[in-house]
Amino acid sequence: MTSIKNEIIGTWELLSYIEVPLDGLDSSFPFGKTPKGLLLYGPDGYMAVQISSRDHLKCVSDDRLKVSTEEAEQRIKGYLAFSGRYTVDNRNAHVVYDIESSFFPNWEGSRHVRKLDFDGDVLFQKSLEPIRSGGRMIHAHMTWKRIGKDIDMSAIEEDAMTNFFVADH
Numbered sequence: 001m002t003s004i005k006n007e008i009i010g011t012w013e014l015l016s017y018i019e020v021p022l023d024g025l026d027s028s029f030p031f032g033k034t035p036k037g038l039l040l041y042g043p044d045g046y047m048a049v050q051i052s053s054r055d056h057l058k059c060v061s062d063d064r065l066k067v068s069t070e071e072a073e074q075r076i077k078g079y080l081a082f083s084g085r086y087t088v089d090n091r092n093a094h095v096v097y098d099i100e101s102s103f104f105p106n107w108e109g110s111r112h113v114r115k116l117d118f119d120g121d122v123l124f125q126k127s128l129e130p131i132r133s134g135g136r137m138i139h140a141h142m143t144w145k146r147i148g149k150d151i152d153m154s155a156i157e158e159d160a161m162t163n164f165f166v167a168d169h
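Taking full-length UniProt numbering, I'd label the letters of the sequence shown as residues 1 to 169.
For the record, the hints were derived by calculation from the structure and aren't laboratory data.
Don't take every hint at face value.
No more than 20 Å apart at the CA atoms, straight line, and that leaves these computed lysine to any residue pairs for SDA-like [unchecked claim]:
| id | residue 1 | residue 2 |
| --- | --- | --- |
| 1 | 77 | 115 |
| 2 | 145 | 10 |
| 3 | 145 | 52 |
| 4 | 33 | 122 |
| 5 | 36 | 109 |
| 6 | 115 | 94 |
| 7 | 145 | 94 |
| 8 | 36 | 20 |
| 9 | 115 | 89 |
| 10 | 77 | 60 |
| 11 | 77 | 64 |
| 12 | 77 | 117 |
| 13 | 33 | 5 |
| 14 | 5 | 48 |
| 15 | 5 | 46 |
| 16 | 58 | 34 |
| 17 | 36 | 74 |
| 18 | 36 | 82 |
| 19 | 36 | 145 |
| 20 | 145 | 117 |
| 21 | 5 | 127 |
| 22 | 36 | 58 |
| 23 | 77 | 34 |
The whole structure should be built from the sequences, with the hints applied where relevant.
Right, dumping it as structure tokens:
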């Protein structure tokens, strides 16, 4: 059996980010329907991820320390980034993040677990423990494609994605 760590090492581009609330309300797209992001897994056991909205506005000032309160608030709400060590649980198809640095400082020192599933060079992730977002508890669902590979999304069976997103909800 191939180790999941060998499968995930490399760079992944974000295709989708969806939040599914535990209360049964409609899912949301906090970074829009076409977010951008990169996920990096190194062979040394370190990872980094950045996710943002594509439609964020530029700041008026070119000085990153001289942004308005409104500009800073918009960026904070439309951006997610963290890094740290990762380990893989092959038996359960999980990756475990021990977060060392995070744009959202409350996550520093915490552990996040993601369920993994693959369809060729497409990686599906789902948060296992609920996280708070926008005042409600959610599961985050992400779809990534390996960088350097062209993926025909129509070739991925919708049932496979639906089953992955709905299972364990």
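So, going through the hints one by one against the coordinates:
Between residue 77 and residue 115, the direct Cα distance comes to roughly 25 Å. Violation of the 20 Å bound is thereby established for this hinted pair. Under the criterion of a C-alpha separation no larger than 20 Å, the hint pairing residue 145 with residue 10 is consistent with the structure, at around 11 Å. For the suggested pair residue 145 and residue 52, the alpha carbons sit about 16 Å apart, so the restraint of at most 20 Å is met. A hinted pair counts as satisfied when its Cα atoms are at most 20 Å apart, and residue 33 with residue 122 qualifies at roughly 18 Å.
With a C-alpha separation of about 25 Å, the suggested pairing of residue 36 with residue 109 is violated against the 20 Å cut-off. Between residue 115 and residue 94 the CA atoms are separated by roughly 5 Å; this keeps the pair inside 20 Å, and the hint holds. Distance hint between residue 145 and residue 94 is fulfilled; the C-alpha atoms sit about 18 Å from each other, no more than 20 Å. Between residue 36 and residue 20, the direct Cα distance comes to roughly 19 Å. Compliance with the 20 Å bound is thereby established for this hinted pair.
Of the pairs offered as hints, the one joining residue 115 and residue 89 holds, with about 10 Å between alpha carbons and a cut-off of 20 Å not exceeded. For the given pair, residue 77 sits about 18 Å from residue 60 by alpha-carbon distance, which is consistent with the 20 Å threshold. Proposed proximity of residue 77 and residue 64 is supported: the alpha carbons are some 17 Å apart, at most 20 Å. Our distance criterion of 20 Å between C-alpha atoms is broken by residue 77 and residue 117, whose separation comes to about 28 Å.
Proposed proximity of residue 33 and residue 5 is contradicted: the alpha carbons are some 29 Å apart, above 20 Å. Distance hint between residue 5 and residue 48 is fulfilled; the C-alpha atoms sit about 15 Å from each other, no more than 20 Å. For the proposed pair residue 5 and residue 46, the alpha carbon gap of about 11 Å is at most 20 Å, so the pair holds. A hinted pair counts as satisfied when its Cα atoms are at most 20 Å apart, and residue 58 with residue 34 qualifies at roughly 18 Å.
About 16 Å separates the Cα atoms of residue 36 and residue 74, which keeps this hinted pair within 20 Å; it holds. Straight-line distance between C-alpha atoms of residue 36 and residue 82 comes to about 15 Å, which keeps the hinted pair within the 20 Å bound. Distance restraint check for residue 36 and residue 145: the Cα-Cα separation of roughly 12 Å lies within the 20 Å cut-off, and the hinted pair is therefore satisfied. Straight-line distance between C-alpha atoms of residue 145 and residue 117 comes to about 12 Å, which keeps the hinted pair within the 20 Å bound.
Distance check on the hinted pair: residue 5 and residue 127 sit about 18 Å apart at the alpha-carbon level, within 20 Å; holds. The suggested pairing of residue 36 with residue 58 holds, with an alpha-carbon distance near 16 Å, which does not exceed 20 Å. The straight-line distance between the Cα atoms of residue 77 and residue 34 is roughly 16 Å, inside the 20 Å bound, and the hint therefore holds.
Against the hints set out earlier in the document, violations occur for numbers 1, 5, 12 and 13.
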